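Asks: Fit chain B to the supplied structure of chain A, relying on the hints for placement.
Protein chains in written order, with the UniProt record's numbering: chain A, 1 to 304; chain B, 1 to 252.
By construction, these hints were calculated from the structure, which means they are not laboratory data.
Take the hints with a grain of salt, since some may be wrong.
Capping the alpha-carbon separation at 16 Å, the derived lysine to aspartate or glutamate pairs in EDC-like fashion look like this [to be verified]:
{"#": "1", "chain 1": "B", "residue 1": "Lys76", "chain 2": "A", "residue 2": "Glu132"}
{"#": "2", "chain 1": "B", "residue 1": "Lys196", "chain 2": "B", "residue 2": "Glu114"}
{"#": "3", "chain 1": "B", "residue 1": "Lys76", "chain 2": "A", "residue 2": "Glu294"}
The structure presented is a predicted model; accordingly, all values stated were derived computationally and were not measured.
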Amino acid sequence: MQIYLPIAEVSVNAFLLLGLGGLVGILSGMFGVGGGFLMTPLLFFIGIPPAVAVATEANQIVASSFSGVLAHLRRKTVDLKMGTVLLIGGLIGAALGVWVFNYLKSLGQVDLLVKLCYVVFLGIIGSLMFVESLNAIRKTKSGKAPARKKHNWIHGLPFKMRFRTSGLYISVIPPVIVGVLVGILAAIMGVGGGFIMVPAMIYLLGMPTKVVVGTSLFQIIFVTGFTTLLHATTNYTVDMVLAVLLLVGGVVGAQFGTVIGAKLKAEQLRILLAMMVLAVCGKLALDLLIQPSELFSIGAAGGH
Amino acid sequence: MRWLLLILTLIAAPLRAEEVVLGLSQDQVSISTNFDGSEIIIYGAIKRETPIPQDQPLQVIVTVSGPQLPLTVRRKERRLGIWVNVDSVEVDAAPSFYAIATSAPWSDVISETEDLRHTISIPRAIRSVGAPMEVNEPQAFSDAVIRIRMENGLYALEEGAVELRESTLFNTAIQMPANLTEGDYATRIFLTRGGKVVSQYETSIDVRKVGLERWLFNLSRQQPLIYGLLSLTIAIAAGWGASAAFRLMRSG
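In isolation and in its complexed conformation, chain A is listed as follows (with noise of 0.2 Å):
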């Protein structure tokens, strides 16, 4: 059934949109990602122009993960007090990475640096989250208990406070920090930063994995409805009929993959995050080093 979409002025198929959505809402629930590092490639892939892919994608994160965070509400994962502190670092790095992308746009290659952006962090993210969680999966294998985190510098700062569900007692300078940085990304790279969020969280600031999933969905609602807002007001490119259809996918697989997650162990839910973000990386890294079929493009006259 071939759908017309209003803003994106393409017609494509409504179930393969249901199907991609439901597909990134599954991994959405099970890992605390938004999904947006995924979705967006594949939407250019389908021929939505990248604009509107990037803008409309920002809104279809905010239902998955809204339907994500209230799976884990139930559930009481979600540490809603270091959420809102990441969430207030996360909002002024948004503010600081629109400022630094138009900067970059009115140098040209601004594509050029998303997509290096993808390949560089992806690709560290990835490589380390999977040598670490395979040396868990080692650990318990051969039957020694996980060493507890030791403290370190990041303890010795001041303006402590007590994150219970965490069960941490530490500064808030680190996760406003985390939160800046992560909102800068963000910005730049047009995903809502789960990707960045979830590894930031465990290796940086040593929350449990369970509770980060939660925490992670909770902040990334609101930055990716703030991104909306801004796309909608000023390039009015978010397309509703394909945020729709999307996000109907996408929550019902939240759902599943909340589900699924939970079932699954923290070391083998991160292996396989890991080898998916490389997975992304490696394709992305492919794209810019084989020569394209197609060495011209066309674009909006004045645009980046």
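Replies: What follows is chain B alone, placed relative to chain A:
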């Protein structure tokens, strides 16, 4: 004044000898939610007061052109091992859609000069003032526009697609793809003899979004904040709805 009138009638006379009477299967294309491209049948007759000239066969060219829009064409090159955009050319105006149907092979229906005068062929329809000095082969950029759009079905040259009977009745079908831009689609019909245009006729096809498509598009442009908030509301409602439905399913 009289002289001028006489000259004008003399010039106009051969043009008036053969005239197009046109019909369209539809003069309006409505883009609704399930729009999946369209086919427009263009048919017509040639009206004349004099007998059919026998010297050269009559040929028909039909063109349908979407709105003219400026665009930027970029070229990739390998730099430091990766493929990046290196240079770009601004095209001042290129039709978003352009289809040509002729009654015979291109070289038989029209001469180069007449094509230039009436801007009929696809390369002529694309206007480019010129590329920056540092760009090599600026022609390659307009060629790329034609190549990419032909692949997408946005530009088409169908030689022999116009059926012409007894030098009087003609008909053709123009395929319009699903990814159309809104606007007035100029439709031109040229009658040629020996490569020269002897008569032309122009009308337009109105391509418009309708219903929900129209409403959403207008809302997004005129009330962007409300549109954005509405999108967010739908997203939140859908997220909550799915969560509630799933819980019901599991408990029940």
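Asks: Below or equal to 16 Å on CA atoms is what counts here, so check B/Lys196 against B/Glu114.
Replies: Judged against 16 Å, a Cα distance of about 6 Å means the pair holds.
Asks: Sort out whether A/Glu132 lies within 16 Å of B/Lys76, counting only the CA atoms.
Replies: violated, 38 Å
Asks: Is B/Lys76 within 16 Å of A/Glu294, Cα to Cα?
Replies: Holds, at roughly 9 Å.
The structure fails hint 1 only (numbered hints given earlier).
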